[in-house]
Amino acid sequence: MPLHPDRYFSPDPAQRAVARQLYQDVRALPLVCPHGHVEPLLFSNPDYRFGSPVDLLIIPDHYVFRMLYSRGIALESLGIPTLDGTPVEGDPRRIWQTFAEHFDLFRGTPTGIWLADTLETVFGIRDRLDSANAQAIYDHIAAALEQPELRPRALYDRFRIEVLCTTDAASDTLEHHQTIREQWNARILPTFRPDGVVNLDSEGWRAEIDRLSHVSGLHIHNYATFIQALEDRRAFFKRMGAVATDHGAPTAHTEPLRDGAAERIFQRALHGETNPEDVIRFTGHMLIEMARMSVEDGLVMQLHVGSHRNHNPAVYRRFGRDKGADIPLATEFTHSLKPLLDAHGNDTRLTLIVFTLDESAYSRELAPLAGHYPALRLGPPWWFHDSLNGMRRYFEGVMETAGIHNTAGFNDDTRAFLSIPARHDVWRRASCDWLAGLVVRHIIDEADAAAMARACAYDLAKATYRL
Amino acid sequence: MPLHPDRYFSPDPAQRAVARQLYQDVRALPLVCPHGHVEPLLFSNPDYRFGSPVDLLIIPDHYVFRMLYSRGIALESLGIPTLDGTPVEGDPRRIWQTFAEHFDLFRGTPTGIWLADTLETVFGIRDRLDSANAQAIYDHIAAALEQPELRPRALYDRFRIEVLCTTDAASDTLEHHQTIREQWNARILPTFRPDGVVNLDSEGWRAEIDRLSHVSGLHIHNYATFIQALEDRRAFFKRMGAVATDHGAPTAHTEPLRDGAAERIFQRALHGETNPEDVIRFTGHMLIEMARMSVEDGLVMQLHVGSHRNHNPAVYRRFGRDKGADIPLATEFTHSLKPLLDAHGNDTRLTLIVFTLDESAYSRELAPLAGHYPALRLGPPWWFHDSLNGMRRYFEGVMETAGIHNTAGFNDDTRAFLSIPARHDVWRRASCDWLAGLVVRHIIDEADAAAMARACAYDLAKATYRL
Amino acid sequence: MPLHPDRYFSPDPAQRAVARQLYQDVRALPLVCPHGHVEPLLFSNPDYRFGSPVDLLIIPDHYVFRMLYSRGIALESLGIPTLDGTPVEGDPRRIWQTFAEHFDLFRGTPTGIWLADTLETVFGIRDRLDSANAQAIYDHIAAALEQPELRPRALYDRFRIEVLCTTDAASDTLEHHQTIREQWNARILPTFRPDGVVNLDSEGWRAEIDRLSHVSGLHIHNYATFIQALEDRRAFFKRMGAVATDHGAPTAHTEPLRDGAAERIFQRALHGETNPEDVIRFTGHMLIEMARMSVEDGLVMQLHVGSHRNHNPAVYRRFGRDKGADIPLATEFTHSLKPLLDAHGNDTRLTLIVFTLDESAYSRELAPLAGHYPALRLGPPWWFHDSLNGMRRYFEGVMETAGIHNTAGFNDDTRAFLSIPARHDVWRRASCDWLAGLVVRHIIDEADAAAMARACAYDLAKATYRL
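Residue numbers (this note's numbering), protein chains in the order written: chain A, 417 to 883; chain B, 417 to 883; chain C, 417 to 883.
Hints are computed from structural coordinates only; laboratory data are not their basis.
Treat each hint with caution, since some may be false.
Below, a list of computed lysine-lysine pairs in the BS3-like style, where the Cα atoms sit at most 27 angstroms apart [claimed, not checked]:
no., chain 1, residue 1, chain 2, residue 2
1, C, LYS878, C, LYS654
2, B, LYS739, A, LYS754
3, B, LYS654, B, LYS878
4, C, LYS878, B, LYS754
5, A, LYS739, C, LYS754
6, A, LYS878, A, LYS739
Predicted model, so just to flag it, every value in this text is computed and none were measured.
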């Protein structure tokens, strides 16, 4: 089943014709990637190789292996490494065969779409993977991965990426970024993500504070030195090209701590004595502090909330985090964000981009908030909702109230570097089809639609992230 | 981009043909406007003039200026008056120019649709507003507003309004309504909205109680006299033509207060000593009392819940209420309405119309409730959801379970008198397109669809509001 | 309005052509009915007769009479029996006339669809019911019901039912199932539903415990004997052919009770001293126990949560349960199911099928959970959502993330035996139309679609329920 040139467009001939025309004008625009999880290591070494097809496409991609796991296929049999080093399947050909035999599980899923696109556009594979052709396709991919055109830097150029932002801990020394800056003329920018020190219940919080002390040269022994270290690191990230910060939390709770409460909680944390309420309140306070710093230093602030991380303790104990076991939660924004917005929501120096996993908040809370507060933007459909239906629900639930200019364009938000063009292409096709639907219902005209398609594909991301 | 005769209809030729036919039969039906916020002042003075284009279309319309504000345009620059009299932009031509320069923000929004419709159908303007033509269009509108055809009473007739209900405080003396009744043969009816005295945390509650004492001629010094005054005012409103009451609250909480609890809370309120729990419980109790009074006097009861009013304190302090900073909340109905429904939900003398800003409650709670309780009806898509997609979600989420006869037809719910025909037209087109979709999928036949289209456009509103 | 052969398909010619082709291949597949509420009594007596048209189509069907009740038609006038024996309308022809006069209420509703399909396909009635033809249609149905082809066993064969699971209390002796097994070669299987003894606030809980003691031959005097009795009954049900259990609860709360807490609550229950918290905690604990037993005995576990049963106390007091007054609640799954999933979610011996009335959880919680945990499946759209739009929302909200193989196919879940073919037909048409939409948008190919259509119509239900 080769990729169809009109894929994902409405079957209605009138709408499809408009969508196709809109898409022609945006399909080849450069890719702006302001938020994602590609490792900078891929680019710091000009000879970086991806390893086997399994190392490339299965082991690092929790979208892929969680679906197989849900059908009873052991993670060990897919080669997912255990924390304690217990051996797992080590033969990539056997892993690939298992994957191929269950490829039907991805029918109609975004993962299936990205895989099909990647296999065809990157590797020239137009046959659908199945148990019979699995080894031949493995051979084909493995051979291609030997070629210089498949090195990450070559693909970066081939994919027409204009800028790619990574996600990096507050204590990160950004050595790979430094190497890239010195060696190569590409915009690979770090993003400051201090969750490991801001969320007091982060695994290894104390060690991470020590690392932060070390890299900042400040002895963090109280709240004031903690804040100072964060401000210093933000300045360092900014010098290294960062345009944004990113923050993850289970909820959107914000709360200003007053009269030394932040100091008292921080001291309890240093002594290993925090309680769950401390954790929630401190994160809520720090989000306001981060907004304050963004007002001052101009870094765009991103907020990703509403995931219950590591929901499956058996998987977490054996395999660690990011194993497809993060589950969304119902998320409240109207009350929760109010303290932060009270403090900084009217300040045009701040850009706060909010991402949700709770689509019921789109039309109810987030579009009305983004449609009022100057500082607020709504991020694109995130994670489980980065899909054709997720995008449709987003366009239909958000845009009438917020208008497109209060949204932030697209983020591919991926660890899977090879899937980046496919993800942008799905978004571009979906946005063109949505706009074509407005044209054929005479809500906007074709000139409007063309401008809006370009904004969705390119302009909004650049403008929102100040890129 | 002139208005297209098939606008908002499906692009599918078969569905569009049915929709067009259905629409032809309802498009010219009179407008029934059972809930809205047009000032009766517009009609009590036969020579009322709207002022400048900016006074007419921008300054009173928070749908318009909140979108501009969200993009960093100061409310002062749009001429929104400050509470303390600090000067704001006073040149309507400059305000209009700013508006025109940002008119793109309204692409694909309901506000954009209403503005385009109003400009073309009321003023004959078929060019899209932009920075180049802004002053010419301003001139055109300003000149038109000088004409007698643009007086509110002339427009009322031109719009084919059959009845228009206003929204009025419990203490309102309804002088404008009295003048209208004496001078003019049009159905402009008051609606009894006692939020200012029922919600104990209303701004100026104590002064409003005094006004209520004054107009009712009762000295309100306890709960019993409070109830008596409300009953007297309802009787007065009814004599003045009212058919309905309206009630706003943050939640749908209802709760009968017993054994003097209402009296104790009311006394605390008179002494300025209420706490937040008192406020919630008293409103919850009063909603049941209002249902009881509706059973007795036959006034239809409307309930609008789920808005966090004045979410932005900086805007509220400087500009006051209704400035586009009211944000919806997740809203529970199944538990919350139960005490009221336990008391009066089976009573066919009561008609209780519920409006929500939380669309997730449509299929989950409100359609099942309206599809069971004889007293309950579901109001049309409200506020942010009074849009093409909001209507589609409403038709698709509500009608299968509740049936159309447990819904209340359309409300324009607007302060913007000139937008009333556009709003009804969007609803009529959207409902015809929805019904056409059922016809072409052979779920209903064309005769059914024609009857249902008429019900949605006209009959349901008249019947539900007993007009 | 006779049934159209392309009913419920998209009007788009390309999509409709694909849907029609897919449907041709699944329309005649046998019906697998793994969850429902048909009485086994219908089949244990080979000469069972349905009674009058009203006994068949109105009095037992709360989908029908709750809609009439919502419009102010007294349940007494529809012949719904009162608990205290107060007389109600006894003339079925008058009841039928009332029904016919209000048949318009069902336009565009699933009940209207099922009725139209049943009247045409079972009784050959192609005219729409109205007040004029009501008595003639009554005569026609009454005459048909005299014929041997209308006996339940004959219809079972005519409907091509392959297996039909009933729902039975833990204390049920399954005599009708025994008779069926002895007399007739059809798969009518019991399902173990112990809500009456597991939910401590069930009406008549104490008497039900006594019945359970009686049928199990165990004196249930403590938690251990209670568990023993349940295990014994599960074994009995399994011997009688059961493949599944079913559990209903207001929420999805699960919680392991430790250190004798279950025993203490059970003793309080035996003494009539439970409090609401006890009830919630005990049910939450028992759900984990039931999962443990399912791991051991292989019975598939079904969980139906989120209904506020008997919401209307006046109707409940007069007419009892299941009178169309059960109203859905917002339902949380991510936190609530975690304790159960922590214990058994990774165990491939368990199949836990979850049903929800809160569609906002589809894409937010349930699809991500089902797309990760090996033990979890998502049940089909339930109750109010067993409708064309409910199915569309389910396909669009669930399948991209969970994949179809983590769903459980279709359940008709009905007491109305005659509506079973219509309900399956709606599902088959809706799933084919959904898949056709994926084909024409080039997301899947026609071979994929054909396999997926067959899975939705037949294979998934058989495999998930181990039938």
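(request) For the pair supplied as a hint, LYS739/A and LYS754/C, confirm whether the alpha-carbon distance does not exceed 27 angstroms. (result) Given that 27 angstroms is the threshold and the Cα spacing comes to 16 angstroms, the pair holds.
(message) Need the status of pair LYS739/B, LYS754/A: alpha-carbon distance at most 27 angstroms?
(response) holds, 16 angstroms
(request) With a cut-off of 27 angstroms on the C-alpha distance, tell me whether LYS878/A and LYS739/A pass. (result) violated, 31 angstroms
(message) Please verify whether LYS878/C and LYS654/C have alpha carbons no more than 27 angstroms apart.
(response) Status holds; Cα separation ~17 angstroms.
(request) Compare the distance between the alpha carbons of LYS878/C and LYS754/B with 27 angstroms, and conclude whether the hinted pair is satisfied. (result) violated, 40 angstroms
(message) Would the hint linking LYS654/B and LYS878/B be met if the CA-CA limit is 27 angstroms?
(response) holds, 17 angstroms
The structure is inconsistent with the numbered hints 4, 6, although it conforms to all the rest.
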